[in-house]
Amino acid sequence: MKKEFEPKIIAFLCKWCSSAGSDLAGVSRMEYPSNVVPITVMCSGSMSPLYIFSAFNKGADGVLVSGCHPGDCHYIKGNYYARRRIALVKELLQFIGLEPERFKMSWVSAAEGIKYKEVISEFVEEIKPLGPQTKLRREL
Amino acid sequence: MVNLEELKKDAKRILQDKKVKYVIGYRRGVDGYEAIPAFFKAPEECDDLVWDPTCIHNLVRFLRDEKVRKDREKEPDKRPVAIIAKGCDTRAINVLLQEQYISREDVFILGISCEETGVIDGKKLRKKIQGKKIKQIDFNGKDGFSVITEEGKTEVAAKDVMAQRCIECISNYPIDHDIFFGEKKKREPENPFDSLDSLQSMPNEKRWAFWKEHLEKCIRCYACRSVCPMCYCDECVVDTISFAVFADTPAEEKANKIKWLEKSPVSSENFVYHLVRAMHLAGRCIDCGECERVCPVDIPLRHLNKFLEKKAKELFDYQAGFDPEAPALISSFKEEDPEDFIR
Numbered sequence: 001m002k003k004e005f006e007p008k009i010i011a012f013l014c015k016w017c018s019s020a021g022s023d024l025a026g027v028s029r030m031e032y033p034s035n036v037v038p039i040t041v042m043c044s045g046s047m048s049p050l051y052i053f054s055a056f057n058k059g060a061d062g063v064l065v066s067g068c069h070p071g072d073c074h075y076i077k078g079n080y081y082a083r084r085r086i087a088l089v090k091e092l093l094q095f096i097g098l099e100p101e102r103f104k105m106s107w108v109s110a111a112e113g114i115k116y117k118e119v120i121s122e123f124v125e126e127i128k129p130l131g132p133q134t135k136l137r138r139e140l
Numbered sequence: 001m002v003n004l005e006e007l008k009k010d011a012k013r014i015l016q017d018k019k020v021k022y023v024i025g026y027r028r029g030v031d032g033y034e035a036i037p038a039f040f041k042a043p044e045e046c047d048d049l050v051w052d053p054t055c056i057h058n059l060v061r062f063l064r065d066e067k068v069r070k071d072r073e074k075e076p077d078k079r080p081v082a083i084i085a086k087g088c089d090t091r092a093i094n095v096l097l098q099e100q101y102i103s104r105e106d107v108f109i110l111g112i113s114c115e116e117t118g119v120i121d122g123k124k125l126r127k128k129i130q131g132k133k134i135k136q137i138d139f140n141g142k143d144g145f146s147v148i149t150e151e152g153k154t155e156v157a158a159k160d161v162m163a164q165r166c167i168e169c170i171s172n173y174p175i176d177h178d179i180f181f182g183e184k185k186k187r188e189p190e191n192p193f194d195s196l197d198s199l200q201s202m203p204n205e206k207r208w209a210f211w212k213e214h215l216e217k218c219i220r221c222y223a224c225r226s227v228c229p230m231c232y233c234d235e236c237v238v239d240t241i242s243f244a245v246f247a248d249t250p251a252e253e254k255a256n257k258i259k260w261l262e263k264s265p266v267s268s269e270n271f272v273y274h275l276v277r278a279m280h281l282a283g284r285c286i287d288c289g290e291c292e293r294v295c296p297v298d299i300p301l302r303h304l305n306k307f308l309e310k311k312a313k314e315l316f317d318y319q320a321g322f323d324p325e326a327p328a329l330i331s332s333f334k335e336e337d338p339e340d341f342i343r
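One line per chain: the protein sequences are A and B, in this order. For the first sequence, our numbering gives the first residue as 1, with consecutive numbering after it. For the second sequence, our numbering gives the first residue as 1, with consecutive numbering after it.
Because the hints were derived from the structure by calculation, they are not lab data. A few of these clues could be false.
[Claimed, not checked] In the DSSO-like style, the derived pairs of lysine-lysine whose C-alpha atoms are separated by at most 27 Å in a straight line are: (1) B/Lys257 x A/Lys15; (2) B/Lys41 x B/Lys8; (3) B/Lys217 x A/Lys135; (4) B/Lys127 x B/Lys153; (5) A/Lys58 x B/Lys254; (6) B/Lys257 x A/Lys8; (7) A/Lys135 x B/Lys212; (8) B/Lys78 x B/Lys186; (9) B/Lys334 x A/Lys115; (10) B/Lys334 x B/Lys311; (11) B/Lys123 x A/Lys90; (12) A/Lys90 x B/Lys334; (13) A/Lys135 x B/Lys206; (14) B/Lys186 x B/Lys311; (15) A/Lys58 x B/Lys123; (16) B/Lys185 x B/Lys21; (17) B/Lys21 x B/Lys70; (18) B/Lys9 x B/Lys78; (19) B/Lys313 x A/Lys90; (20) B/Lys124 x B/Lys254; (21) B/Lys334 x A/Lys77; (22) B/Lys133 x A/Lys135; (23) B/Lys206 x B/Lys186; (24) B/Lys259 x A/Lys90; (25) B/Lys9 x B/Lys21; (26) B/Lys133 x B/Lys123; (27) B/Lys67 x B/Lys128.
[Claimed, not checked] Short derived list, chain B residues pointing at chain A, Cβ under 7 Å: (28) Ile219; (29) Cys221; (30) Tyr222; (31) Arg225; (32) Trp260.
Glycine included, each C-beta is placed from N, C-alpha and C at the ideal position.
Based on the sequences and whatever the hints tell you, model everything.
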């Protein structure tokens, strides 16, 4: 039997909301695909575009950046900065020809375990038909 | 028309009055017709100053070198440096002012208007005149340029030999200046993002093939970084060997230290390098086109920067280099910034 392709997704979650949201999904025993490697960052505003490029470079099939809803940032306005920067990253990745589905951003609060589960499930479903990401993967 | 004699006279005067340290300008290069950047330290040297359509270079780059030099000196000469700046170059100065990298007192701007045309693209010109030996190129109003070759004088249309960035130029005269030369006559481009259209209308996979073909060629000479007036960091993220290694740095740390990208010029690493560079120039690039001009393997680097310039305009209504007081693109935000891409 042929094994189905299982994408590897790197999720950068902000410490105060999305990370807690994923934790809630976990302690609530929600079932969602195990394709995600979560990395906690202090704030979505602390996301350097380089982290995203580097994740793709080191073999990620998809990258998710998730932070607090606008207005809820622990650092008051970090996610507003992130929103601008990530919008440009997303456009740029698409411009060089990466499939737009491979990069996603979401707002997940600490109470939204269900939303986190949905975001991940949808993301995995979207990436599966695309197959492995080879465009930016390191060739050395 | 820009009066070159006046430019020389003013340059001489500010040097004689010891108002400025030196003048950064252009003089005739060794090939006889192209201008090269030059530094004029004595008034009598200013006779060598030139201004013609081959003054391609963005001299703002040299303000960085000046700053580095000044910071190292124990008793620096506090006088400003005079610089000959076209419209695009003054935008570059504005970005440096906006980022508080230099202050306005450090620089004395001799603003030159490009008036109705702009500078030439050397490659286009050589193709156009088919290998004839060029002696001189002059501005010729709206019609283009007059090229004097060994066979005589010919007129060439602006759209045939002008640099693409000049065709798409949105600031054909200096925004900020201490002395102004030429006329302030606004010229609007038909489409400021003309060269992007064909690329953007391609399907995703074709665009990928385009970039792959080009970025695979990159030999990572970093000429684009060296020539860029905006690349002024003391330490660059792509120099992965530059992390501090001391006598007691353990072998394990050296091995595990994050290498954001490898030095090897292979496609995947080249992509990371150029993506990072494009992001670092988002909202800062003023489209002087120097990166593309110096690229030894002809990568169309302008497209990357131009694309982000376009997006900054579309999404955030931001244009770099017009107002040194305005907040920078990615260190500011608006409540109503688009977020339809976010789930």
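Verification of the hints:
1. B/Lys257 x A/Lys15: With a Cα-Cα distance of about 24 Å, the restraint between B/Lys257 and A/Lys15 holds, given a limit of 27 Å.
2. B/Lys41 x B/Lys8: With Cα atoms ~13 Å apart, B/Lys41 and B/Lys8 stay inside 27 Å; holds.
3. B/Lys217 x A/Lys135: Measuring from Cα to Cα gives roughly 16 Å; hence the hint holds.
4. B/Lys127 x B/Lys153: With Cα atoms ~17 Å apart, B/Lys127 and B/Lys153 stay inside 27 Å; holds.
5. A/Lys58 x B/Lys254: 19 Å, holds
6. B/Lys257 x A/Lys8: 23 Å, holds
7. A/Lys135 x B/Lys212: 9 Å, holds
8. B/Lys78 x B/Lys186: Violated - the C-alpha atoms of B/Lys186 and B/Lys78 are around 35 Å apart, more than 27 Å.
9. B/Lys334 x A/Lys115: 26 Å, holds
10. B/Lys334 x B/Lys311: 15 Å, holds
11. B/Lys123 x A/Lys90: Cα-Cα ~34 Å, so violated.
12. A/Lys90 x B/Lys334: Between A/Lys90 and B/Lys334 the Cα gap is close to 18 Å, so the pair holds against 27 Å.
13. A/Lys135 x B/Lys206: 13 Å, holds
14. B/Lys186 x B/Lys311: 24 Å, holds
15. A/Lys58 x B/Lys123: It is violated: about 38 Å lies between the C-alpha atoms, which goes past 27 Å.
16. B/Lys185 x B/Lys21: Violated: B/Lys185 and B/Lys21 sit about 31 Å apart, past 27 Å.
17. B/Lys21 x B/Lys70: Holds, at roughly 12 Å.
18. B/Lys9 x B/Lys78: Since the Cα atoms of B/Lys9 and B/Lys78 sit roughly 23 Å apart, the hinted pair holds (cutoff 27 Å).
19. B/Lys313 x A/Lys90: With Cα atoms ~16 Å apart, B/Lys313 and A/Lys90 stay inside 27 Å; holds.
20. B/Lys124 x B/Lys254: Violated, at roughly 48 Å.
21. B/Lys334 x A/Lys77: 10 Å, holds
22. B/Lys133 x A/Lys135: Since the Cα atoms of B/Lys133 and A/Lys135 sit roughly 45 Å apart, the hinted pair is violated (cutoff 27 Å).
23. B/Lys206 x B/Lys186: 37 Å, violated
24. B/Lys259 x A/Lys90: Distance of about 23 Å is within 27 Å: holds.
25. B/Lys9 x B/Lys21: 16 Å, holds
26. B/Lys133 x B/Lys123: 14 Å, holds
27. B/Lys67 x B/Lys128: Violated: B/Lys67 and B/Lys128 sit about 40 Å apart, past 27 Å.
28. Ile219: 16 Å, violated
29. Cys221: 19 Å, violated
30. Tyr222: 17 Å, violated
31. Arg225: 15 Å, violated
32. Trp260: 6 Å, holds
Of the hints listed earlier, those the structure fails to meet are numbers 8, 11, 15, 16, 20, 22, 23, 27, 28, 29, 30 and 31, in rising order.
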